[in-house]
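Student: Here is how the chains run, residue by residue.
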Amino acid sequence: MTTYYSEEHEWITVDGDTATVGITAHAAEQLGEIVYVEQKDGGDTFEKGDEIGVVESVKAASEIYAPVDGEIVAANEALADNPAKLNESPEGDGWLYKIKLSDTSQLNDLMDLDGYKSFIA
Amino acid sequence: MPFEITTYQAYDFANRRHIGPSPAEMEEMLKVVGFDSLDDLIDATVPPSIRQKDPLDWGGPGLSERDALFHMREVAEKNKVLTSLIGQGYYGTTTPAPILRNILENPAWYTAYTPYQPEISQGRLEALLNFQTMVSDLTGLDIANASLLDESTAAAEAMTMAKRSAKSKANAFFVDENCHPQNIAVIQTRAEPLGIEVIVGNPDDLDPAAVFGAIFQYPGTYGHVRDFTGLIEKLHENKALAIIAADPLALALLKSPGEMGADIAVGSTQRFGVPMGFGGPHAAYMACKDAFKRSMPGRIIGVSVDSRGKKAYRLALQTREQHIRREKANSNVCTAQALLAVIASMYAVYHGPDGVKAIAQSVHRKTSRMAKGLESLGFEVQPEVFFDTITVEVGALQGVILNAGVANGINLRKVGETRVGISLDEQTRPETIEAVWRAFGGNMKDDSEANREYRLPQHALRESEYLTHPIFHLNRAEAEITRYMRRLADRDLALDRAMIPLGSCTMKLNATIEMIPVTWPEFSNLHPFVPEDQAAGYYEMIADLNDKLCQITGYDAISQQPNSGAQGEYAGLLTIRNYHKARGEGHRNICLIPTSAHGTNPASAQMVGYKVVPVKSDDHGNIDIADFREKAEKYSDDLAACMITYPSTHGVFEETVQEVCQITHDHGGQVYIDGANMNAMVGLVQPGKIGGDVSHLNLHKTFCIPHGGGGPGMGPIGVKAHLEPYLPGHPEYGSSVGPVSAAPFGSPSILPVSWAYVLLMGGNGLTQATKVAILNANYIAARLKQGYDILYTSETGRVAHECILDTRPLADSAGVSVDDIAKRLIDNGFHAPTMSWPVAGTLMVEPTESEPKAELDRFCDAMLSIRAEAQDIIDGKMDAENNPLKNAPHTVADLVGEWNRPYSREQACYPAGSLDVDKYWSPVNRVDNAYGDRNLVCTCPPMSDYAEAAE
Numbered sequence: 117m118t119t120y121y122s123e124e125h126e127w128i129t130v131d132g133d134t135a136t137v138g139i140t141a142h143a144a145e146q147l148g149e150i151v152y153v154e155q156k157d158g159g160d161t162f163e164k165g166d167e168i169g170v171v172e173s174v175k176a177a178s179e180i181y182a183p184v185d186g187e188i189v190a191a192n193e194a195l196a197d198n199p200a201k202l203n204e205s206p207e208g209d210g211w212l213y214k215i216k217l218s219d220t221s222q223l224n225d226l227m228d229l230d231g232y233k234s235f236i237a
Numbered sequence: 005m006p007f008e009i010t011t012y013q014a015y016d017f018a019n020r021r022h023i024g025p026s027p028a029e030m031e032e033m034l035k036v037v038g039f040d041s042l043d044d045l046i047d048a049t050v051p052p053s054i055r056q057k058d059p060l061d062w063g064g065p066g067l068s069e070r071d072a073l074f075h076m077r078e079v080a081e082k083n084k085v086l087t088s089l090i091g092q093g094y095y096g097t098t099t100p101a102p103i104l105r106n107i108l109e110n111p112a113w114y115t116a117y118t119p120y121q122p123e124i125s126q127g128r129l130e131a132l133l134n135f136q137t138m139v140s141d142l143t144g145l146d147i148a149n150a151s152l153l154d155e156s157t158a159a160a161e162a163m164t165m166a167k168r169s170a171k172s173k174a175n176a177f178f179v180d181e182n183c184h185p186q187n188i189a190v191i192q193t194r195a196e197p198l199g200i201e202v203i204v205g206n207p208d209d210l211d212p213a214a215v216f217g218a219i220f221q222y223p224g225t226y227g228h229v230r231d232f233t234g235l236i237e238k239l240h241e242n243k244a245l246a247i248i249a250a251d252p253l254a255l256a257l258l259k260s261p262g263e264m265g266a267d268i269a270v271g272s273t274q275r276f277g278v279p280m281g282f283g284g285p286h287a288a289y290m291a292c293k294d295a296f297k298r299s300m301p302g303r304i305i306g307v308s309v310d311s312r313g314k315k316a317y318r319l320a321l322q323t324r325e326q327h328i329r330r331e332k333a334n335s336n337v338c339t340a341q342a343l344l345a346v347i348a349s350m351y352a353v354y355h356g357p358d359g360v361k362a363i364a365q366s367v368h369r370k371t372s373r374m375a376k377g378l379e380s381l382g383f384e385v386q387p388e389v390f391f392d393t394i395t396v397e398v399g400a401l402q403g404v405i406l407n408a409g410v411a412n413g414i415n416l417r418k419v420g421e422t423r424v425g426i427s428l429d430e431q432t433r434p435e436t437i438e439a440v441w442r443a444f445g446g447n448m449k450d451d452s453e454a455n456r457e458y459r460l461p462q463h464a465l466r467e468s469e470y471l472t473h474p475i476f477h478l479n480r481a482e483a484e485i486t487r488y489m490r491r492l493a494d495r496d497l498a499l500d501r502a503m504i505p506l507g508s509c510t511m512k513l514n515a516t517i518e519m520i521p522v523t524w525p526e527f528s529n530l531h532p533f534v535p536e537d538q539a540a541g542y543y544e545m546i547a548d549l550n551d552k553l554c555q556i557t558g559y560d561a562i563s564q565q566p567n568s569g570a571q572g573e574y575a576g577l578l579t580i581r582n583y584h585k586a587r588g589e590g591h592r593n594i595c596l597i598p599t600s601a602h603g604t605n606p607a608s609a610q611m612v613g614y615k616v617v618p619v620k621s622d623d624h625g626n627i628d629i630a631d632f633r634e635k636a637e638k639y640s641d642d643l644a645a646c647m648i649t650y651p652s653t654h655g656v657f658e659e660t661v662q663e664v665c666q667i668t669h670d671h672g673g674q675v676y677i678d679g680a681n682m683n684a685m686v687g688l689v690q691p692g693k694i695g696g697d698v699s700h701l702n703l704h705k706t707f708c709i710p711h712g713g714g715g716p717g718m719g720p721i722g723v724k725a726h727l728e729p730y731l732p733g734h735p736e737y738g739s740s741v742g743p744v745s746a747a748p749f750g751s752p753s754i755l756p757v758s759w760a761y762v763l764l765m766g767g768n769g770l771t772q773a774t775k776v777a778i779l780n781a782n783y784i785a786a787r788l789k790q791g792y793d794i795l796y797t798s799e800t801g802r803v804a805h806e807c808i809l810d811t812r813p814l815a816d817s818a819g820v821s822v823d824d825i826a827k828r829l830i831d832n833g834f835h836a837p838t839m840s841w842p843v844a845g846t847l848m849v850e851p852t853e854s855e856p857k858a859e860l861d862r863f864c865d866a867m868l869s870i871r872a873e874a875q876d877i878i879d880g881k882m883d884a885e886n887n888p889l890k891n892a893p894h895t896v897a898d899l900v901g902e903w904n905r906p907y908s909r910e911q912a913c914y915p916a917g918s919l920d921v922d923k924y925w926s927p928v929n930r931v932d933n934a935y936g937d938r939n940l941v942c943t944c945p946p947m948s949d950y951a952e953a954a955e
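Residue numbers (the working numbering), protein chains in the order written: chain C, 117 to 237; chain Y, 5 to 955.
Be aware that one or more of the hints could be misleading.
Below, computed lysine-lysine pairings styled on DSBU-like, alpha-carbon distance capped at 35 Å [to be verified]:
#, chain 1, residue 1, chain 2, residue 2
1, Y, Lys82, Y, Lys171
2, Y, Lys315, Y, Lys293
3, Y, Lys585, Y, Lys167
4, Y, Lys890, C, Lys175
5, Y, Lys449, C, Lys201
6, Y, Lys84, Y, Lys57
7, Y, Lys171, C, Lys201
8, C, Lys175, Y, Lys238
9, C, Lys214, Y, Lys293
10, Y, Lys923, C, Lys175
11, C, Lys164, Y, Lys615
12, Y, Lys297, Y, Lys171
13, C, Lys233, Y, Lys890
14, Y, Lys585, Y, Lys693
15, C, Lys201, Y, Lys314
16, Y, Lys638, Y, Lys167
17, C, Lys175, Y, Lys173
18, Y, Lys615, Y, Lys35
19, Y, Lys293, C, Lys164
By construction, these hints were calculated from the structure, which means they are not laboratory data.
Make the full structure from the sequences, and use the hints.
Tutor: The following block contains the structure:
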């Protein structure tokens, strides 16, 4: 399993042609206390750059942009009742979606951890 | 002693009453700022190239208070106050006297600001939560907002909300032909730029598969009471949403929209104690099912907890709103009708469910007697089932009967060419009913004992309860409600206690004298659709005010229709859009907006179908001219408009404003100059002369209409002559351009405030006020620069009428956030300046001309003492977490509890500026915002919850 990062502050951990997507710890920290997550339903397809959700804190709302093309397999339903999970564990329990990738070559456009670290530095 | 003639002008309103600093104080302040005279300061601040050449002059000095009242009284008396039974959304009502005196006429309520700082707003937040609870109960829906501008705009907002929320992919919206005509017209205006098709028709002909939503009026404008349950089921089967525009008084008797399955309800709470006022202001409401709450526009009050776990109120779900979401917001709505919503909610508290029901029953019984009498005279009365409105077929007699009504002191409604409409209300007396009968040729006596009939069948009546919360069940003694209103007022910090230095909000004096005419019956008791000759005083006042506003702004025509600044933006952009269309350039749809603009700008542009192209700011906070030029050129063929604010939202008179206007015009665009900062320009600079084509004026900022705790407002627009034919019209005046508001002149009953202001000040006084507003801001900047960097200044080092304090370095060096400073200011006895806007992490201060030097100094002392506290943290003398800034605001509960903090009680509670025995005590500790949004509660919580919240 490999984790990639986008300039829109999403992480994507890939296992074959499926993956888990979420927002980075850096993004969660910047947003502050997250109070609401708007998610797409399983089965929805999307292209890279599409808006696939919104994360809201008390003072900001931030769209989630798809880092790759794909299809939503499952949304993390626990976030609806407990959006604070996104602050507590953004890169763990606070994942947003399980997705199916359409084109794994798109991963090459994303950053690795070191790349992302220098991107936000 | 010899008799010396004094030069003191005791009745000089401008310089003695409105402008804060005395001449001697101004001299001291100018020394601090570094100028010899006020005019020198102005010359160094306002670029000479944009200064107006001729002084503002009404042809005489400002009036004394006595003369102004005398003149306004003469004009007011040209309005004829008849009994209006016209209905159509506006009804006679009795404002309970304790509410009139203790809220409508009480500066503790009307001078408050929008409750963005929850700790100092708990009183009006509770009153607004009562409003939401009342609306939620009466409509039978889960959640209500804290008011919208009027019923028609609420209906239009409901349409766009349905578009966002409905799963139906249809693009048409159905409007019941029985909706009030102004509701239909405003919906049509709103729908057209968004490409929504509006189908107006009989609900029986509704094709539910063809629409994403439908709105029905309940009762209908001609009186029909109809159960929409079946239609709503069909809409739901087709994934469309149902909206009901309902009269809240009727809902005291009738089956509620929620019980019929409606998704959204809207309406006006005017008849809950708010006078008709020739059209406004009144509070509209909106309620919806829980599932749609995130799509709802407007402010929503929610319940949260403070840092001690005690119940505390706050604004909830703000991420839906324009100041965060900009063009992605649910709406551009910003100003609401807070003061009017408070009055309506207090009407419900005052009467309780029993009283409201009794009033509704009485209105219905009177209408039944009216109908019976007309039937006995041989007239055909419709409909069979009604609440308070009937329509009578009179054939060729229409004109005769309407005239006979006026002769008997009654205005009836002209319906079509052969019918007459009659709507009764709580003020209707037996004499009124008899006078109507006389107009129809009858000479009967009204006998409520002999005639007790009802025209509401059992199936139309509601069974569910409403107003069940204990707050609506106080003892009915006046002592109880008077003290309740006083307790709430005492929790809040309004202008009657302290300066409110909110940047961009212009919290200037709302002089008592300006408020006096508002409640004169000649202004407050006119129905908006009375025959024109009965409103001659209004027309005269509006014409004179418009003339003076044209002189002030350099524009050629004014529309008083928009009810808020944001609505003015929308109306101005619609005017521009109609202008382009008329010239065959309707394809123009690009709107350039600087990134520093108010969030309402992009939100308004979105509402007229314009695409927002953001323009960068340079390092000095000014519009980046190169970027602006590049984008104007790139979109030259499609450029519709630019929206700029002047002086800039960064509080600076930019030198390049004329260049920006020229570039826009060169590429075929129109220039919208946001008038939010007009208080820095009156008498010095005219937006219509520096390149603007249209501007809105916030009468509730620059022209003294009080903020009312978040409305009312007025946002009239001024335009150059070429745009005048495209200004908003109104169906009652037969105009071809559609309306943006329910009433032709927006909220005319508060126009006497602005009119009084310009009469009292005169051209000279207004100009002096602008200069002193600039002096006050520069004085604060000069005093505070020892503690804080002033973020933006002009090339000459000056700020305009406001300044941004850069508090960001303290976040890095002391861990002190802008929130901490804002909350600590409460301990010092102040409302915080504008927070994190237009630059995140900073404070923007606008003192206005009305604050005397002593109050400015108290504020500066407070800010500097906070800076010193932050320094103690930096120097390690104070704990980084447990300190007065982090723990602010401090409450009595802190003081009487166990004290184990590393600073003294005195330091906690009596910092600089806190006025000793007159100290303002925050009623709650810091409010937990995240808790409130994660656990959303938007109606009055049960009393038992109050204890639980503490755990």
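Student: Out of the numbered hints, which ones does the structure contradict?
Tutor: 1, 5, 6, 8, 18
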